[in-house]
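Model the full structure from these sequences, guided by the hints.
The opening residue of the sequence shown carries number 53 in the working numbering; numbering runs sequentially from there.
Hints in this document: simulated from the structure, not taken from any laboratory.
Given the structure is predicted, the values throughout are model-derived calculations rather than measurements.
Please note that a few of the clues may not be correct.
[Claimed, not checked] For lysine-lysine, the following BS3-like pairs were computed, each having C-alpha atoms within a straight-line distance of at most 30 Å:
#1 K239 / K139
#2 K738 / K522
#3 K556 / K277
#4 K72 / K188
#5 K194 / K493
#6 K714 / K598
#7 K738 / K772
#8 K493 / K589
#9 K503 / K460
#10 K138 / K59
#11 K92 / K138
#12 K138 / K460
#13 K462 / K139
#14 K484 / K264
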Amino acid sequence: MSQLSTKTSELLVYNPQQSKSFSDTFVFEPESTEETRYGKLLILVEISSKTKKSPEISEAIASIMQNVYYKSSEYPIEQQFEKSVKKVNDILGSLASAGEVSWIGKLNAIITAITPEEIYLTSTGSAKAFLIRRKKLNLLNKDASVSFEPNPLKTFENIIGGNIERTDKYFFVTSSILEYIEQEKLKEIVERFTPDIASRHLQSRLVSFKEKEAMAALIASIEEKEIKIASAKDSRGIMSQKLFEERKKIPIPETKESEKHYKNSEKTKGKSSLRKTANILKILATKTMAATRSIPTISKRIRRTADKAKKTFTRDKLDNIKEKQSISSKKPYQYKDLTPKPAWKKILTMFKNIALHIWISFKNWFLKLPKTSKILFIAVMVLLIAFLASLAAVKTGRDVQERKAFYKEKTVEARQKQEEAEAALLYGNDEKAKKLLDESKSLALQVQTSKYKNDEAAAVMKQVEAGFRKADHINMVEDPEELVNINSLGADMQPSDLVISQNKIVSYNPEKNSVFVYDIENKKLEAIDGKVSGKIKAIEAEENNKIVIYSDAPAMSEYAFEGSEAVELSTLFPDDQQITNITIFGNRLYTLEPANNRIQKYSATIGGYSKGNDWLKEEANLSGAVDLTIDGSVYILKNDGSILKYLQGNKIGFEIRNLTKKLKSPTHIYTSDNVKHIYVLDPENKRLVIFDKEGLMTDQYTSENFDDLRGMAIVESERKAYLLNGSKILGIMLNE
53 MSQLSTKTSE LLVYNPQQSK SFSDTFVFEP ESTEETRYGK LLILVEISSK
103 TKKSPEISEA IASIMQNVYY KSSEYPIEQQ FEKSVKKVND ILGSLASAGE
153 VSWIGKLNAI ITAITPEEIY LTSTGSAKAF LIRRKKLNLL NKDASVSFEP
203 NPLKTFENII GGNIERTDKY FFVTSSILEY IEQEKLKEIV ERFTPDIASR
253 HLQSRLVSFK EKEAMAALIA SIEEKEIKIA SAKDSRGIMS QKLFEERKKI
303 PIPETKESEK HYKNSEKTKG KSSLRKTANI LKILATKTMA ATRSIPTISK
353 RIRRTADKAK KTFTRDKLDN IKEKQSISSK KPYQYKDLTP KPAWKKILTM
403 FKNIALHIWI SFKNWFLKLP KTSKILFIAV MVLLIAFLAS LAAVKTGRDV
453 QERKAFYKEK TVEARQKQEE AEAALLYGND EKAKKLLDES KSLALQVQTS
503 KYKNDEAAAV MKQVEAGFRK ADHINMVEDP EELVNINSLG ADMQPSDLVI
553 SQNKIVSYNP EKNSVFVYDI ENKKLEAIDG KVSGKIKAIE AEENNKIVIY
603 SDAPAMSEYA FEGSEAVELS TLFPDDQQIT NITIFGNRLY TLEPANNRIQ
653 KYSATIGGYS KGNDWLKEEA NLSGAVDLTI DGSVYILKND GSILKYLQGN
703 KIGFEIRNLT KKLKSPTHIY TSDNVKHIYV LDPENKRLVI FDKEGLMTDQ
753 YTSENFDDLR GMAIVESERK AYLLNGSKIL GIMLNE
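What follows is the structure, given as structure tokens:
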């Protein structure tokens, strides 16, 4: 039995005495059969400003991640990975609170888990993660740095995941490597060689730059091999251990000489990760305890950043202040209104009278004051009003800043959702991508409909719309090729429908009984006489490189291209026939009669077709049927956008899936026994829609030029579709 496995290699070019930055890499493997399902854990760390504590911080991240991730658990792998990343964030937050902040804003790292079936990845800073799949280079993450104050509790914030495939190759690099080796050259080296050989090639190119910056990379390739269960001790020294026992981890080798710049071998295992992590934290806490007094503002800033992310701001509403009416000299109690009043008016009158009484009392008190007291009172009131106004202005300014920060956070969150959707699309998870795109659109829309809209949110909106098109497999055809304009034969040719046979595209005019033939190779267009009485209703291609022409007489003729005239065929149609469409499969002719709810089958004879027989073996509702096609099964397209499927005269289940925008009054359907897909023409929505034989939508082609679609002809083997738009025959290329 075989399964996918991962081969890895590490690269580190680093001069401890002269490099301006610090880098390290870690690769952890399962140590017991219970841990096998968690796969390998790969960690790349770069701290752009090197300090004495940089190695301790790097090892703390790796040690904590290893211990939590491989801890025996019933959680699914993805949840276990998320739990481990959260623990790393918590520890980094604790370090920052203790005063160790030298790494904040300077940490560039990637944490990756590669299981036998899936990959999960999170990153921070400028470190890059690449995937080579089917010879195509894909960037799995984007620069995770943001312009806002960094929050240690959200150092690793986004997680992407997907399925791995045989022959996948992954490489994770510090941004400094990309300054000396281009992406395409990296792709060439990683794609061509095994991880170990690729690392040696990269080392030979980078070792001369060791004096400038620390550079690190991890390379992984996915291969298929027989399942092997690890023994108590294998050649790598992996030891099976009991649940919750201390785990041996990979220590960081110290370089003894400045000339020793490259590490590309597995790190030996030292003291247990739990004990070493505790020692690291203890050392950091001890060393930074004295410094915490001088940096209280840092902790406050971190708490403010965390609190700010949780706030929800609302816009204050100010009450309108109405100017009070001057008080009449007439005493209010002398007026008596004998009209009955509702209770609310009585209460309102009571409050008015109380207010009037208070005002009169205040006025009398004020008038009795000495002049100096009056001036002092007025001055105090002016100062009080000014003070209250200043408080209101400060609060308004603070609210504005808070709302700006709020909408900036919304913009960042919208961008993150949009990037996660791109990753989901890369792994073919359309449903997850659509959900993330909906969330991103909602967040960006909140920003754009506020008074704090910005260009970044507008850009997110555009990329979300592009993401929806990609998730819906929509291909925009900007400039379809125009093969010929049938109106070049004369004005108002009014062609209808298309078929293709023997490299020739055929259409017809139902009013003039003219048949138009366009030779694709010779690029020659001509018109022939259909040789049938009545009006032409349909044309169909035969397997012997001929076309059959049907009219409403009813009558049929056949055209073989070699000659210039069509030949009339002898066919016995029922007296009550109401044929709207025909199709040919093998040597049999099938006719669609929606008004009679039937399909008739005719066998080929010398010079025509035999009398027809009912093909359906059960009652059917064919009202609204507009076209049919056959690949062994019969597919009937209805004008409501549904497709019926029949096999040997009996209806079987068929459901259209993954189509967000439903078909609206479609007109044509096509498939065949040597064709893998079903093609439907949807003129109302200006598109050609493609389904697999199970009803799953796989592609859509649309264009502003598709404004009068009348027919289609498909050559799947050449990935070409020919569309009749008005009087023009257009050609487009199809995806593989």
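### Message
Let me make sure I understand: some of the numbered hints might not hold for this structure. Which ones are they, in numerical order?
### Response
1, 3, 4, 6, 8, 14
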